[in-house]
Each structure stands twice: as structure tokens, then as C-alpha cells.
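Chains as they are written, first to last, in the working numbering: chain H, 1 to 334; chain G, 1 to 334.
Think of the hints as simulated: they come from the structure by calculation, not from any bench.
Don't take each hint at face value.
The list treats identical chains as one, so a pair stands whether inside a single copy or across any two.
[To be verified] With a straight-line Cα cutoff of 27 Å, these simulated DSSO-like cross-link-like pairs (lysine-lysine) come out:
| hint | residue 1 | residue 2 |
| --- | --- | --- |
| 1 | 60 | 332 |
| 2 | 282 | 258 |
| 3 | 60 | 87 |
| 4 | 229 | 282 |
| 5 | 60 | 109 |
| 6 | 282 | 87 |
| 7 | 199 | 229 |
| 8 | 332 | 229 |
| 9 | 229 | 258 |
| 10 | 199 | 332 |
2 protein chains.
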Amino acid sequence: MVTARQVAEHLGVSVSTVGRALSQDPRISADTRMRVVAASHALGYVENGPARMMRGGSSKLVGLILPDIRNTFYATIAQSMSQCFDKEGFHIALSITNDDRDVEARHVKDLVSARVAGIVIVPTASPRRETVATLANVPYAQLLRRIGMLQSDWFGIDDFDCIRLGTRHLLELGHRRIAYIGGPAELPTASDRVAGFRKAFADVGASSGEAREVLGGTTDEFGHATVEKLLRLRTRPTAVMCGAVRVTSGVVDALSEKQVVIPDELSVVGFGDPPWARWWGKGLTTLRMPVQEMATSCGLWFLHSLRDKRVRTHEHRSITPASIVVRGSCAKLR
Amino acid sequence: MVTARQVAEHLGVSVSTVGRALSQDPRISADTRMRVVAASHALGYVENGPARMMRGGSSKLVGLILPDIRNTFYATIAQSMSQCFDKEGFHIALSITNDDRDVEARHVKDLVSARVAGIVIVPTASPRRETVATLANVPYAQLLRRIGMLQSDWFGIDDFDCIRLGTRHLLELGHRRIAYIGGPAELPTASDRVAGFRKAFADVGASSGEAREVLGGTTDEFGHATVEKLLRLRTRPTAVMCGAVRVTSGVVDALSEKQVVIPDELSVVGFGDPPWARWWGKGLTTLRMPVQEMATSCGLWFLHSLRDKRVRTHEHRSITPASIVVRGSCAKLR
DNA sequence: CAACTTTGCGCTATCGTTAGCACAGTTGCT
DNA sequence: AGCAACTGTGCTAACGATAGCGCAAAGTTG
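Put together the whole structure using the sequences plus the hints.
Right, here's the structure in full:
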């Protein structure tokens, strides 16, 4: 790989001159600059980022830690972040944890060791102590999920209120035997959501005695398996409230497979608003979260806080509200 | 940020000793090693990757350049790559080009400047000269698409044969007035696919006079708009062959919106095999590509070629075949 | 014309880490 | 006992880029 020194020797000038010519230093003659630019282009010189960084410069790399990139939720986050960063010349170091805290710990360490400028993370349910300690070395922001009482910037959706909204919709249609299928209780977002589920019952003064909470996973498989179990019950629920993006896929998959007639036999509210929600049967009623807006505002804020390094006294918190998109998957009960 | 020097001073030893203790150098006493490890842990020391790299070490970062991470095709690639790399301690620097050659050029330059160990790229339709030149500085592999005659490792699907397969299916059902909706002709993959479309007609000795090729985009919007146009034709096609993943979404979206009865009014073959293909109407007949396998074999091969740096005399090429998944979206024409 | 400023460039130290060499102290062998 | 081999550690020189200082030449002012 060609170095600045080689360019300098080729031109018979000093390394400093080459460096200055390429870094828009004003105290260099236009002629010299042109010659240097031409030569470095001809020789295929590409600056050595790590070397510059060592000289006190800052990295243009931001770590982005996500549980799963195939989940459209997270893919959207990656896309939005990328767009934000692109304008400022920042790049993404992508880490996928699969919700494994050990993978998470390793990646956080490696990112800090790579001296990224900062980290944006959707944490696992219960990160290691070590992860939190390492994270403290760099500016970082949390997305969607939050690590316990950890103080940091945070951007998320209103987990509590969105499920409350969906559940209220079902309650207003007369449903009481509602099954909620959501993530494991250890996940802060998941526990907020189930709290919203309960609150919806309380709001209308209804008993949640017939309701059913099935917590445990955020995967398609979990949603699928849970629906199969629910369908085998002697007294089936009249409605299903999905509490996670991929759970929704699994639920729809199982219902399609078992050819359950929606909404006549069962009402469904999906979580997140995938494109196919419009096409599925008579349309899937869903909770829509403006993930893109959330991620973009996180990205912009993060970039801003990287540039403007003064110590802030309190963390930034941003809760994005969700809305319900009513389609054809919920029936009115008489 | 704590440096090895600070750890050394804290213990009253030399920097070398700290370095050796942490890098499993055998010629260091067990006692010293323990003290160093304890101290560096206590002080929160995290090694400086860039600095080590400067000393001749190699980066653990691999650039991954994709057109669009929200496309499940590419998301799957990212996921597979991540899994491959994770085992070997490599990480991903993700770049999203949105099929913009200028963005691509910038990102390639920045990745090389960050001294990534290598680059895996799904190139744009016609990358800049500059991009190709810069790319030559590092080991790299191309995925799915290929830059002109550029010599490099390449992993892709059989673009020609997959569309031929789907088209043959429609031809065998008696369709002749088939519309093919695919990417712009500049895209090598797109032109291969349209060639497969024509070949299918030739294979069965059918005239492609009634067929229609609409080339121009790989987005949902393009698929959507094209279907709307096709539906307005005086003599509608009897079948649509989708030539790109996101085109399929757009096509399905438009057909759902216009409430076209599938397959009675129109037959459809989708490209790629998204989860919702099973749920849409009576099921969407699709072309399935083992993207995960392709990406994994690319990832493994790439890691292998990074480790084993001997100059290879010829590039590695791998074509993954596609298969058709017949569901309920294609009718037999009498 | 002397003194001073400006312009354009070179030299050198430095960032954090590691490999190679040096060296003191210890052990083993004849 | 003398010498070699080994063990554990320190010192120093890089890696590539850049900021600060210095300095010569050219231009400017009184």
C-alpha cells in the first residue's frame, strides 16, 4: 500500500508537504498542491485512517449493535442510521448479537478496541457487567431497549402505550378472552408491553380474568408454536394481541396454516406494520411505530453529541408514540 | 482512555511487559502475567486496535457493501456474513449504497482508508473507474452482481436459469402473453435474467411476440407502477413474471390494491421467497434462491482466502442454482 | 537599505503497540 | 568451578500521519 512518504519521495518533497497538500492546508502553493494531488492519484495513494487516528484524530466509525438484521424493525434502523451517518462521513460497524449476551460482550469490547467514535446499541435482555463497563469508555446511545438503570441517551417507542392501544381496540370491540403473546419478562420492553396490556383492561374497568399472557420469545417460532397451543385449548381466546414484530409473523403463519378464518373465528392485532399486513386476508390490523423517524432522530442527535463534546448534565430521552392501523382482522363481538 | 503505558507505570514495570503479558507471550512469569491482567482489568484498559495495526498487524474489519439492507435478500447476506465472521473474530463495516455509484465510490475509498482486511461487495450497475482502482488495493469478492470483466472472486445465483425456470412454468401452463418486470438493462444480473426469459420461449419453440419486457427498476414503486400500467392495457397479459425481489412486493401490492383475482384473472410468479408468499391469497408461486447458503459459502471462502494469502492464479466462481416453489398463483390456460 | 512580515516548505517529535536486541540473574551441565 | 543455556524483563526502533517549530526566500514598509 502506497504511503505519503512514497508520494513525497516520488516528487522530491517532504512528507509534511504531501500531508498538507492533501488536507487543504492554506499555507501551501497552488502549484505544489496540484502536483501532489496528481501524484498521489497516479500512485494510488489512499490515506491511512488508523495512523491518522493515532495522532489524536477521531474515528469515523460508529458501532451499531442489533439483535437481528433480518427483522425489518432493525433493518430499518440500520438504513436510517446509515443515511444519517453518510452525510457526515461516518460509517457503521455492524454487530449482530442474536440476543446472545456473550456475543454482545465480545462485540462491545472489539468495537471499543477498534476505537469507534461511539456506539448505538439495542441491548440484550441482561447484558454482562463487563459490557456496561466497557461501554462507558465511549459515547453511546441505547435504542428501543434499555439496560436497567443505566444512564445514557435513549430513543425508543412507547412500549407501554402501544400495547395498551391495541388491547383497548380489542376491548372496545367486546373482546375479553384476549391472548397476549410477547417477549420474555426479563426484557424491559416486553414487561412494559405486558403492563400496557393489563392497563387497557383496567382503563375500561374490565376483568382480565379471561385474558391470557404468554411470554417467552420474540421469534417467529415462538409465535407459531403459541398459536398452535392456543388453538388446541377447550375455550379458545377470541382475540390475539401480538407483542413483538417476529411474533406477528409466526402468528400469521400458524393461522394461515391452520386455515383459521379471520376475523370470524379469531381477531388479531399485529405488532409493527410490515408491507404484507395490507395483503393478508382482509388486511391485518396492526400497531404502527415510526421506526424510521425514531432511528433518524437518534442518529442525528448522536452525531450532534459527537461533534459537540461538552459534558451534558442529563441524558436525552425520546419516546416515540405508536398508532393503530385498523384493517380487517378484528371482529366486533356481540 | 487508559493505555498500556499507564498500566505499566501503575505496576512499576515496562510497557513491553504489559504488552507481552496480555498477548500470551510465553516468556513471562505467571506471577507477572496475573498482576498485569488484574491491573489492566481494574484500570479498564482496552487495547488500541488501530495502533497495533500500524505495527504491521492486520485489521479484523471486513467491508460489506450492499445496495439496500431492508431488502430481505441483502439482510440475509448480512446475517450470514456476520455469522461466518463472528467465529473468526472479524467484524463488519456496513455500507449501504442505495445503488448510487457516487456513494459506492466514497464508501469504497473510506473502507480502504480504514484499512479493512477485505471487502465483500454487491456492486452498483456501473461503478466508477475510481471505485475499481481503489478496490484493487485490498482482497475483495463480489456478490450477486459482477462489475464488467473485472477479475475477482464471485458468488451469485444463476440469474439466467432462475427466470428461465419461472417462465417455463408459465409457458407449460399455456401462457404466452407474459409480462416480465425486471431491473434496468445496465445491471448485469438484470440482463441475464431477461435473457433467461427469452430463452424459455425458445426452449419450447414458442413465439415471444405476445410477451412484454418492462425493464427499469428494482424497487417496490417500479413494480407497483408497472402493474398499474399493465392492467390498463387493452389486452392485458395473462401472467406476470417478477424479476427482482422488491419488484415482487410492488406487484403484489398493486394487485391487492386493484383486487385482481389471482390466479383467475392473472397468474404471477414472484422472485425470491419471502415468508408472506405462503400467506398471500392462495399462496404466491415463487423462485427460491438459497441466499443464505450462497452468502455463507462466500463468507467462508473469503475468510479462508484472507488467512491463506498465497496468490491464487484464477478467481473463484460459484453459481448457486434456484428452484421454483409452486403455490397457488398460477392458473392453467386452456 | 535595513528591519520586518509573509509565504512556502522541511525537520522532528509524537500517538500506542510490538518485535528485536540487550542484559542481568539463575539454573544446568561437564 | 567454569561455561553455556535459559528465563524474565527493559530499551529502542519502528509503523504512517500530522502539529508545531524553524528557517530560508520573497515581499513590504519606513
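Verification of the supplied hints:
1. 60 <-> 332: Answer is neither; intra-copy 54 Å and inter-copy 57 Å both fail.
2. 282 <-> 258: both (17 Å within a copy, 14 Å between copies)
3. 60 <-> 87: both (12 Å within a copy, 25 Å between copies)
4. 229 <-> 282: both (24 Å within a copy, 25 Å between copies)
5. 60 <-> 109: both (18 Å within a copy, 13 Å between copies)
6. 282 <-> 87: neither (41 Å within a copy, 44 Å between copies)
7. 199 <-> 229: The answer is within: 25 Å in one copy meets 27 Å, while 49 Å across copies does not.
8. 332 <-> 229: So residue 332 and residue 229 pass the 27 Å test inside one copy only (24 Å; across, 38 Å).
9. 229 <-> 258: within (12 Å within a copy, 36 Å between copies)
10. 199 <-> 332: within (21 Å within a copy, 53 Å between copies)
Against the hints set out earlier in the document, violations occur for numbers 1 and 6.
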